[in-house]
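Q: Next come the chains, spelled out residue by residue.
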Amino acid sequence: MIGTWNLVRLALRRDRIILPVWIIAIVGITLSTATALEELYPVGQARQQLSLTANTNPAFLAMLGPLRDAHTLGGLLAWRWGLLAALAAGVMSMLLVTRHTRAEEEAGRLELIGSTVVGRHAPLAAAVLTAFGANVLIGGLIVALLLGKGLPAEGAIAFASSITVTGWAFTAVSAFTAQLSENSRTANSMAGAVVAGTYLVRAAGDSAGDSGPTWLTWLSPLGWAEQVHAFAGDRYWVFALPLALVVVLLTTSAVIVTKRDVGLGLLPTRLGSARGAPSLRSPFGLAWRLQRGSLIGWTAGLFLLGVVYGSIAQAVGDMVNDNPLMKKVISAIGGSGGLIDIYLATIFGMIGMISSIYLVQATLRLRSEETSFRAEPLLATPVSRPAWVASHFLFAIVGGALVLGAAGLGVGLTHGLREGDVGGILPRMLGAALAQLPAAWVVAGIALVLFGLFPQLTGVTWGVLGACLVLTMFGPVMKLPQLLMDLSPFTHLPKLPGATWTAEPLLWLVGAALVLVAAGFAGFRRRDLTT
Amino acid sequence: MTYAISVSDLVKTFGPTRALDGLDLTVRTGEVHGFLGPNGAGKSTTIRVLLGLLRADSGTARLLDGDPWRDTAALHRRLAYVPGDVNLWPNLTGGEVIDLLGRLRGGLNEKRRADLLERFELDPRKKGRTYSKGNRQKVAVVAALSSDVELLVLDEPTSGLDPLMEAVFQECINEERERGRTVLLSSHILAEVEALCDRVSIIRTGKIVETGTMAELRHLTRTSIAAELASPPNGIANLPGVHDLKAEGNRVRFEVDSDKLDAVLKQLVDSGVRTLTSQPPTLEELFLRHYEDAK
Ligand SMILES: Nc1ncnc2c1ncn2[C@@H]1O[C@H](COP(=O)(O)OP(=O)(O)OP(=O)(O)O)[C@@H](O)[C@H]1O
Ligand SMILES: [Mg+2]
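Chains as they are written, first to last, in the UniProt record's numbering: chain V, 1 to 531; chain A, 1 to 295.
Chain V extracted, bound-state conformation (with noise of 0.2 Å):
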C-alpha cells in the first residue's frame, strides 16, 4: 500500500473542481428541500393528505418510496431526498472510482505510476479511500445543517449516514466492475447499469402492494437506505447489509488485483478470427461490431424491467381495491384500470429516460472514436463522414426504439397474461413505450449537435438529461413553474397508456429532433478532426 496517500492527493488535485461540485451540489439540495418542505407542506391538513397520495399512489412509491412519518420534518426530507441523495452520492462514487484506476490504467498513466515506488495495491486504495472520504464529508455536512435547522440528532445521524454508506456500497461496486474489463467505458456502463438496476429493482419492491413481491426493495443497496427508516425508527441494524457488502466486494477486488497483470481484466483474451467475417465491409458493419453487445445488453435489460414491472401492475390495482377510501378517489379518474394506467404512464416515462441513457451512450460512442484516434483511419478511407456518423448514430434511433419496445413487450405480455388479454394490452403498452421515442430523440439530437459543432462539450448531454430528469419526474412535486418545466422534452410527452392520444407534441418534439440532428450532421462534415 506504499504510496496509496501520494496518490489520494494526486486525486484530489485532480478532482479539484469536480469533487467540491458534488459534495456542495448533494448537501447543498438537502438544505434547501428541507427549507422548501418547511414552507410547501405546514403542519396539519396538508401533510395528511400527501401522506394518503405517496403512500397510496403507486407512480409516487416507485419513484421516492414511502412516505413513513409525514408529522416530522425530517420523515417528510428522508422521503422526498433521501433516496435520490444516496443515488446522487452511488453516481459520484462510481465515477470517481473509475476516473482514479480503470481510466488512468488504460491511458497507460498507471504504468507511470506503477513503474516508481507504489504498492500494487495503492492505486485501488487511493480510489476507494477518495470517495470514502468524499462521502464521509457529505454525510457529516449534512449532520450539521439538519442539527442546525433543530432536527433530532438521532435521526439526522441516520438519514446522512444512509447517504454516505450507500456512497461506500457504490465505490465497492465500481472498484469491483473495474477489475472485471479493460476498458473504462465498459467499466463505467456496467457500474452504471448496477446503480439504474438497484433503483429500478427498489422501485418495483415499493409499489408493489402488500400483496406483491415487496422483497425485492431489500434486494437493493438503495433500498436499504430506505429501509433505516430515518427520522421514522432509525434502524441503525440495516446498515449491516451495504457494509458487509462493502468487505465482500472490497475484498474480493483486492484479490483480483494481485492475480491479474496491469492493463488486463479479469476475462482473459482469446485468439480471434484471422479474416473479417464479410459483414465486415461497410462502417455499418464496422458500428454493428463495436455496439452490439450494448444494444443486446440495453435490450435484455429492458425487457427484465418490463416483465417486473408488468406482472406487478395488477397488484396495484387490489392494493387500491382493498381501500375503500382510496377506492373512491381513484375511481373518480377511471376505477382501478386508470389507476394502473396511470402508474403504468409513470413507469413508461422512468423507462423512457432511462433508455436516453442508451441512446446518449450509443451517440457519443462517435465521439470516443474521433478522441481515440479510430475515426481518422476510418475517414481517410472512401468512407464520407455523413456515412460514419450516420452508421453510429442508426444505433441511437432505431436502437432506442428497440430498446423502448423490448421495455413495452415486457409489461404487455406479462400485465396482458395477469389480465388475460393479451391481445388487446400488449399493442398499447408497446405504443405507450415507443411514445418515448420522440423525446428520446430529441436527447440524442443534442448529443449529435454538440458533437458536430462544439466536439469538446459533448459530455455535457449527461448535464442535460439529468436536468431534464429532475424537472420532469421532480418538478410536479417540487411545484416548479410550468415554464421551467416545459424545457425538458420528456414533459410534453403523452401519459400513455391512459391519457388521450395526441399526435401534436410527439410530431413537434420529432421536428425538434430532426433539425439538431441536420445541425449535427452539418456541423461535422465542416469541421475538423480534434482529440
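Everything hinted at is true.
With a straight-line Cα cutoff of 30 Å, these simulated DSS-like cross-link-like pairs (lysine-lysine) come out: (1) A/K266 x A/K246; (2) A/K127 x V/K259; (3) A/K133 x A/K111; (4) A/K127 x A/K111; (5) V/K259 x A/K133; (6) V/K495 x V/K479.
To give an idea of the interface, some chain V residues facing chain A are shown, with a C-beta separation under 8 Å as derived from the structure: (7) L271; (8) R275; (9) L280; (10) L286; (11) R289; (12) F373; (13) R374; (14) P382; (15) V383; (16) D528.
Since the hints were derived computationally from the structure, they do not count as laboratory data. As the structure is a computational prediction, the values presented were derived from the model and not from experiment. For glycine and all other residues, C-beta sits at the position ideal for the given N, C-alpha and C.
Fit chain A with the ligands to the supplied structure of chain V, relying on the hints for placement.
A: Quick look at chain A with the ligands alone, frame taken from chain V:
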C-alpha cells in the same frame, strides 16, 4: 512531370499555434518522398490536411489532381494511409482490421496480404488491445500495402518497429516504388529517409526549409569519424570539409561534410587504418548546425 501532391502557402492554426505557416510541398508521381522534421514541426498536420481530416486556413493543396477537402471520397479510393498514432479497436482482431480497411478502399490483394503478414511476422488472430505498439503499426502497414492504390501516405510508420522489421519495411517500400506507386513518408530519422527516399523535404515549425534529392542535401550533413591509424595522421586537418579535428597519437576524431567524405577517407587509408567507426549524421545535428543559428 506530374505531381501527386502539390501544396503551396498552406496555413493551419490551432488557436495561437501556427502549426503550418506557409508550407510548400511537391511530390512527383512515382517517387518516394521523405517528409522530414523534428517533433511538432507539422508533419502530421500537413498529412491530415492532405487527407481532408483538417481544413486549412489558407493556401492551396492538390492531391492526385483533386481537392483534398471537397473530393475526399473519390481521392481516398486511390490512396492508403498509415496514421502516426495507430489505435485499433480493442475487440477486433488485426486480421479483421486489415480486411475492413482494405474492403472500404475497394478490395485488397489477397496474395500480398498473406505475403506481408508472413514477412512482418504478424499474428492476425490477436485482438487489438493485445498488440504491442509496433504490432499495431504493422497492422496498419499491412492494411495499407495490401491495397492496390496509387498513393501511400505514411506518417512515421516505423517509429515502433525493431531494426529487423524496419529492414522488412524498407524492402517493401522499395517494391512499392518498383510498382510505380507514389509514397509520402514522414519521419524524424534522417537515416531512414536517406535509405528510402528519392527526394526529401525538410519541415521546421510549419515551413519547408530544404527540399531536394538526398545528394543535393548532402552538403547539409556531417558524418562523425573516429579512427585509429597505423601512423600519426597528417594533412587531414587541411582537407576541405573537415571540422573539429582532435588528434591524439595515432587516434583521430573529426567531423566531415558528407559530400567531402570520399577525399578524406582516401587520405586516411594512406595512413593505414586499424579501426574505423563512423556515425551517420542525425537530423538533430543538422538542425542544430544549420537552422538554430539562423533563428
Ligand atoms: N488539434 C490540435 N490542437 C492544437 N494544437 C495542435 C493540434 N494538432 C497539432 N497541434 C500543434 O501543431 C504543431 C504541429 O503538430 P504535428 O502533430 O503536425 O507535428 P509532427 O511534425 O507530426 O510531430 P511528431 O514528430 O511529434 O509527430 C505542434 O505544435 C502541435 O502541438
Ligand atoms: Mg506526427
